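*Asks:* Please model the entire structure based on the sequences and the hints provided.
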Amino acid sequence: MTIVLPALVLVLFASGLFLIQRHTVVKVLFGIVLIGNAANLLVFSSAGMRLAAPPILEGKDYAMPPGASDPVAQALVLTAIVISFALTVLALALARRLSQSMGDDDLDKIDEEAEL
Amino acid sequence: MNFDLTSLQPLLVLSCLALILGGAAAVRPRVAEGISWGLAAVSALMAVVIGLTPLGTRASVPWIPDWSVEWSLHITGLSRLFGLVVCGMGTFVFAYASRYLRDYERRGECIGLLAAFMVSMLGVVLAADLVTLFVAWELTSVTSFLLIGIERERESARRAAVQAFVVTGAGALAMLAGFVMIYQVAGTWRLDQIPDLSSHPSTPWIVGLVALGAMAKSAQVPFQFWLPSAMEAPTPVSAYLHSATMVKAGVFLLLTLGPILGKSLAWTPILATVGCLTALAGAHLAWQADDLKRILAGTTVSSLGLMVALVGLSKQLATGAVLVFLLGHCLYKGALFMVAGNFTFISGEKKASRLSGLGRAYPLLWASALVAELGLAGFGPVLAFVGKEVAFKAAPLSMLIALAVASPMLVACAWRLAFAPFLGPTPTGARPLPLAMLLPPVLLGAMSLAGGFAPTAIQSWLIDPVVGPGLKRFSVIPELDAALLATLLALGVGIWLALKTRPTNAVTLAERAYGSVVAWLRQTGESVRATTQDKPVRKRVLTVILVATTVLAIGFLADPSMVWPDLQLPTVPVLLVATLIFGGAVATVFAPTRISGIVSLGVTGLGLALLFLLMGAPDLAMTQLTVEIVTVVIFVLVFHHLPRIGYHATRSIRMRDAVAALVLAGFLTLALLSVTGRPDLARSAEFYAANSMPLALGKNVVNTIIVDFRAMDTLGEITVLAAAALGVTSLFGKSLAHKEEA
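If you're matching them up, the sequences are chains A and B in order. So the first sequence is numbered by the numbering used here: it starts at 1 and just counts up by one. So the second sequence is numbered by the numbering used here: it starts at 1 and just counts up by one.
Treat each hint with caution, since some may be false.
Claimed, not checked - What follows is a list of derived Cβ distance ranges for each label pair:
id, chain 1, residue 1, chain 2, residue 2, range
1, B, G716, A, L94, 20 to 28 Å
2, A, G103, B, V27, 50 to 58 Å
3, A, E58, B, M655, 33 to 41 Å
FYI, nobody ran anything at the bench for these hints, they're computed from the structure. None of the values given here were measured: they were computed from a predicted structure. C-beta: ideal position from N, C-alpha, C; glycine also.
*Replies:* Structure, rendered in structure tokens:
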């Protein structure tokens with residue numbers, strides 16, 4: 001397997017985790033998306049990280065092509081991509097409402113205002 | 001599947017009929033009175049059917065065959081006796097409730113829940129295995145909760161309902177643990193197949209856990225306080241659930257498990273002690289109370305204590321005494337609750353001390369009350385007296401002393417309820433008493449007397465099948481012995497107490513303890529929240545990251561053996577795509593404006609799509625591509641108009657956050673490496689590859705997994721998507737409404 005995948009998982013997670021601690025709403029949203037990408041890549045890579053043929057059956061006897069990638073991990077990630085998309089869109093809608101009603105994009109200031 | 005219901009079918013059909021009638025009452029409260037009569041008839045029929053069904057009849061339906069779990073019912077001597085109590089009392093309660101609840105706002109709901117309770121309770125007493133028993137047990141707790149809290153706008157009713165549910169529910173959890181231990185030891189859930197476990201080393205634990213469940217349900221010390229509070233429910237409910245049937249479920253459980261656990265060393269000390277303390281505490285509670293139903297609740301607690309103490313003796317005579325006393329108790333306590341309800345119906349009074357002069361206007365009510373009080377006082381030709389005499393004979397000296405202290409207080413209660421409310425001049429404004437409310441206590445009193453005069457018939461039909469033959473014949477004529485002496489002494493002291501003392505309405509220690517435990521839980525919860533969930537919200541993210549890091553670190557420290565995968569250098573296309581993703585992620589972190597951040601984020605996502613394509617996942621690549629494009633478009637729509645991104649945090653804070661993020665990301669990567677070193681963990685792919693064509697008729701294995709093998713998961717995914725869409729719509733639908741207003 002290639003060394004690139006764990007390196008990318010590391011970078012994506014680190015950037016995402018750093019961003020969700022920021023004050024600015026949009027940065028937190030970036031962080032959520034990046035963490036989603038990182039998690040998807042993690043699950044995908046965990047099934048064996050190599051260049052491979054797609055898991056599509058071939059020939060008359062419908063056999064898996066030699067060295068095909070793991071279909072289970074792909075099915076999991078496929079579902080996860082869609083769900084993280086739903087999460088992102090909902091978070092975006094919430095952020096939009098928040099900036100509409102609070103007129104600020106600093107989460108700490110919004111918190112203080114909400115307290116008042 | 002092997003359904004075998006033949007011999008219990010009539011009973012099951014009648015149970016379904018009762019449930020349907022109950023549902024009809026809940027939906028159409030206007031006809032609830034008639035339905036209640038119908039339910040009285042159905043439960044009478046059920047009692048007859050139970051009486052006629054031969055002992056040993058069994059019915060079962062498989063549920064989880066791999067764990068040998070099934071739904072099963074049977075008729076044994078014990079379940080016949082309890083089944084008759086449940087359905088017999090049901091008849092009287094439904095007849096009484098039909099008129100009592102006529103003007104009650106929630107009559108339909110109340111009748112419906114009573115029917116649901118009756119069927120659940122029947123499930124408890126007829127259960128042939130521990131799982132069915134537990135499920136039915138919890139159903140009675142739930143129906144009890146709903147009935148106690150039926151007047152949900154009153155705070156005290158809600159509190160009483162929650163209290164009863166928390167106490168009995170916690171006890172039931174302990175009981176479930178005990179049941180699981182029985183299964184582990186015996187290898188079966190079936191009651192008729194569990195061997196005597198008394199000498200097994202883990203039996204003391206089982207006894208303790210099961211006893212907790214029984215004690216909570218049967219209101220034993222220290223859980224006795226929930227029962228007086230449960231008197232918030234309407235009187236028919238109190239008469240049925242909280243004196244005649246549900247609170248006896250604990251006694252039933254102990255009687256059921258007695259043959260299995262009764263010879264354990266833990267059995268007698270626990271149950272005899274708890275039972276005697278409860279008999280004392282309940283009697284004291286009743287003696288101190290002035291509220292009619294609280295008096296009766298206290299005496300019920302006391303009687304339950306006597307029964308538990310006797311079951312704890314694990315002797316044939318004591319078990320026989322429990323059963324006779326239990327039957328007698330149902331008859332007189334049911335009647336007393338109905339008399340108390342009638343007092344309140346006639347005069348609107350709920351306090352015993354404010355009642356007087358009802359004897360002349362309601363002679364039949366007085367007569368039924370007198371017979372019932374004989375049972376409470378434990379003296380005279382009634383069934384409860386027969387049971388109590390046998391109990392006193394079976395009890396060892398220490399227990400007899402405890403009972404001799406408790407009895408006078410019960411006698412005092414009986415005296416206060418038997419005479420003061422009926423003597424004196426007739427009060428003005430008393431309502432006439434309908435026959436439907438007068439007859440049930442009168443009939444119960446008649447049965448109590450009949451049982452008292454012919455205890456041998458009851459003994460040979462109902463008691464002998466449970467305890468086995470060879471027990472001395474019961475008789476209403478007492479023998480001249482210590483038991484009779486104790487009874488007479490209690491009678492004298494009790495009457496003296498009734499004449500000399502006044503109720504004080506003291507709040508019991510246990511009730512105060514429950515209150516302070518609940519208050520302590522609230523306070524602790526609040527202080528934990530205040531320290532861990534500090535404001536602002538944003539700062540909690542760091543806590544989450546640190547906790548996750550700690551958990552992963554502990555995991556790696558606990559098992560440091562790690563199989564490293566063999567890592568290779570990437571090919572050129574992969575390296576190019578990786579650079580794209582890497583650059584996108586870093587650019588997103590350092591983006592000076594929103595739009596540049598959104599673009600960088602999009603680059604990362606597109607790079608990911610390309611990576612999926614290179615690594616043999618075209619479906620993922622397509623999905624990722626579509627999602628990424630839509631995400632970028634929505635991001636731009638939402639944020640395009642906003643200004644530059646400023647830096648709010650200081651440099652050192654940003655460094656701290658970066659380190660925390662890197663450490664957690666490092667651990668996650670380490671986790672990834674440690675799984676990929678073990679390719680033997682992923683074997684399910686082979687199944688899908690082999691079966692994709694024959695079972696799902698598809699060449700693309702990913703597709704067949706998504707839409708066929710795991711179609712339900714995909715349905716869940718679509719549901720999440722729909723929920724998110726609903727969320728977005730509701731957020732902006734509201735903002736539109738605001739605009740219209742403005």
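*Asks:* Each hint should be assessed against the structure and marked as holding or not.
*Replies:* Here is what the structure says about each hint:
The supplied range of 20 to 28 Å is met by B:G716 and A:L94, whose beta-carbon atoms lie about 22 Å from each other. For the hinted restraint 50 to 58 Å between A:G103 and B:V27, the CB-CB distance of approximately 51 Å keeps it satisfied. For the hinted restraint 33 to 41 Å between A:E58 and B:M655, the CB-CB distance of approximately 53 Å leaves it violated.
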